[in-house]
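Enquirer: Make a model of the complete structure from these sequences and hints.
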Amino acid sequence: MSDDRNIVIHDVSKFYGDVLGVNRVDLEIEPGITSLVGPNGSGKSTLMNLLAGLLRPTRGEISVLGLPVTRPQDLFRRFGYCTQYDSFPRGATGWQFVFSYLLLHGLDRGEAERLTARALERVGLVDSAHRRIAGYSKGMRQRIKLAQAIAHGPQVMVLDEPLNGLDPMVRAETIELFRQLAGEGQHVLISSHILHEVDLLSDRVILISNGYIVAEGEVPGMRAEVEEVREQPLQVFVRCDRPQWLAGRAFELDHVTEVQLHDDGGGLHLRTRDADRFLRLVAELVAEGGVEVEAVGPADSDLQAVYRYLVDEEEEPS
Amino acid sequence: MTVAQETAARPRLDWALLARQVGGLVRLELRRLLLTRRAVILGLASAIPVGIVLLVGSIPIGGQTVLERFGNRIVYETIFETVFLGAILFFGCLYVFFNLFRGEILERSLHYLLLTPLRREVVVAAKYAAAVAAVAVLFMASTVFSYALIYLPVGVSGAIEDLTAGPGGRHLVAYLGVTLLACIGYGSLFTLVGMVFRNPIIPAGALYVWEMLHFLLPPALKKLSVIHYLKGLLPVPLSDGPFAVVVEPPPPAVSVLGLLAFAAVVLAVTALIIRRMEIRYTED
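Taken in order, these protein sequences are the chains called A and B. Quick note, the first sequence lines up with residues 1 to 318 if you use the working numbering. Quick note, the second sequence lines up with residues 1001 to 1284 if you use the working numbering.
The set of hints was computed from the structure by calculation and includes no laboratory data. Any given hint might turn out to be false.
Estimated spans, in silico, between C-beta atoms of each pair [as the list claims (entries may be wrong)]: (1) A:Thr257 x B:Tyr1281: 47 to 53 Å; (2) A:Leu253 x B:Tyr1281: 49 to 55 Å; (3) B:Phe1197 x A:Tyr85: 20 to 26 Å; (4) A:Gly290 x B:Glu1278: 51 to 57 Å; (5) A:Glu30 x B:Glu1278: 25 to 31 Å; (6) A:Glu28 x B:Ala1261: 43 to 49 Å; (7) A:Arg277 x B:Phe1197: 57 to 63 Å; (8) B:Val1247 x A:Arg90: 41 to 47 Å; (9) B:Phe1197 x A:Glu30: 43 to 49 Å.
Yeah, the Cβ is synthetic: ideal placement off N, Cα and C, and Gly gets one too.
Expert: Below is the structure:
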């Protein structure tokens, strides 16, 4: 564990029985806005829960500003966590929710009231503060969780999908709030399954897929990497009865760049810039009776899939 | 100075800060317990003994009320032992303490507590203390009101005389003590049960049978029941029936200290469990 100013995740794995949560994660996160991006189920929330000590790593160590996450009495004076859970203490109003948990920091009532008012103002919920949270909209619930997480002025804020459910105007205000907090020298770690949602506001992005960190870095570099990988040919394998004949047909296509026959003569690997067109060709050949296909699929799908997923999300109109 | 250095330089334990934090948690918990539907249910349950004593003290059967016919101390002891101790205190504590953590797990709000700068052991202790205070206030009030009603046949002056000059005052203190100790003992047990089990029916049913049939148990096993120690503190001894295995009740000091020690050990186990606990609501 090296740096007392950073979040340090060293060789951390988390398994739920036989199911992988995250595996062999090594990260050092500096102050500023860092986005953790990956598809749903990729391990983002697991990693955030590990950072907050709500989960225990199967292996590895985590420290936040040099503090072990197993010491809540030290950690949570400087750490605020807005979880994914859309649930609240029964019957609480927005004010009570933020105020009650501030008292647990040992603040006197006056100070807790001041910080509650400030947090509610920052998330734009002053007018609804004395209404029950049960009557809030999804966006308001998201904001009241955010207010509770930032009310005590933590140096590290971990926010699990904080922009979910926010309308465009509030989203813009919330993003501005993140920028302010990061500008004050704080760590803001945000998760999202939409790269486009966070790349403009982030200082750096961590891409996670299937529990593995697949890429990390500053945003311009990451965008270039995404584009580069996107343009790289995709590797496809086919197991069939006439691989040589199929290889010949494949080479007639301008987007196929490389073909390699399997040693056992029962299939081939090829690289193509347009996998969809190649797969359509295979389907046509099978329909014509030209070849019998046992199996076909992408051979290097993991990184491609996550990038493709993220880029496709980016291209969708919001 | 980095955060880690600053933390290391701070005194190990700031008692004033800890007291404010625990005070905040106790107030939060008391509001949850006393200003919600749970309080209404507990209030109704605690009114049952009052209602029963009122009935047996005010409705004459054959020219005499039950209190007059059998003696107010015997009647009250019977109601306290069978109805209050044997059912209301047990199930009242089950209702409150089982849900102390389990309720928040089902509500998916426990993580808010675990994300505060409090050691998890302190969270257990503070929540438990708040619940004991809430339950004890309700049930001790019930004990006072129901006990006051045994003086219906003798009126206010007779009551004052018995409470001040007679054994009435001492008996009332004993009943209040037993009520408090029952909340402490059963409370700790059901807090632990709530941490370990998702559904209270089987463990609570097994514990209830164990407690209610304790009089049939051999002397060594009797010592493993909460009610054995509580009954030893009751002021009016009643027979457990012809099949009971009769043993000398433990000395009051042993009963009191034994129950307190039992509660402390059970809470320590609960604290160990919550210390290692992970928040994975999908499994609950």
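Enquirer: Evaluate each hint against the coordinates.
Expert: Hints versus structure:
A beta carbon spacing of about 48 Å between threonine 257 (chain A) and tyrosine 1281 (chain B) agrees with the range 47 to 53 Å that was offered as a hint. Separation of leucine 253 (chain A) from tyrosine 1281 (chain B) is about 50 Å and conforms to the stated range, judged on CB atoms against 49 to 55 Å. Between phenylalanine 1197 (chain B) and tyrosine 85 (chain A) the beta carbon distance is about 22 Å. The supplied range of 20 to 26 Å therefore holds. At about 55 Å, the CB distance of glycine 290 (chain A) to glutamate 1278 (chain B) agrees with the hint of 51 to 57 Å.
The hinted window of 25 to 31 Å between glutamate 30 (chain A) and glutamate 1278 (chain B) holds, with their beta carbons roughly 28 Å apart. Between glutamate 28 (chain A) and alanine 1261 (chain B), the C-beta spacing of about 48 Å keeps the proposed range 43 to 49 Å intact. Between arginine 277 (chain A) and phenylalanine 1197 (chain B) the Cβ separation comes to about 58 Å, which falls inside the hinted range of 57 to 63 Å. The hinted window of 41 to 47 Å between valine 1247 (chain B) and arginine 90 (chain A) holds, with their beta carbons roughly 46 Å apart.
In this structure, phenylalanine 1197 (chain B) and glutamate 30 (chain A) meet the distance hint of 43 to 49 Å, their C-beta atoms being roughly 45 Å apart.
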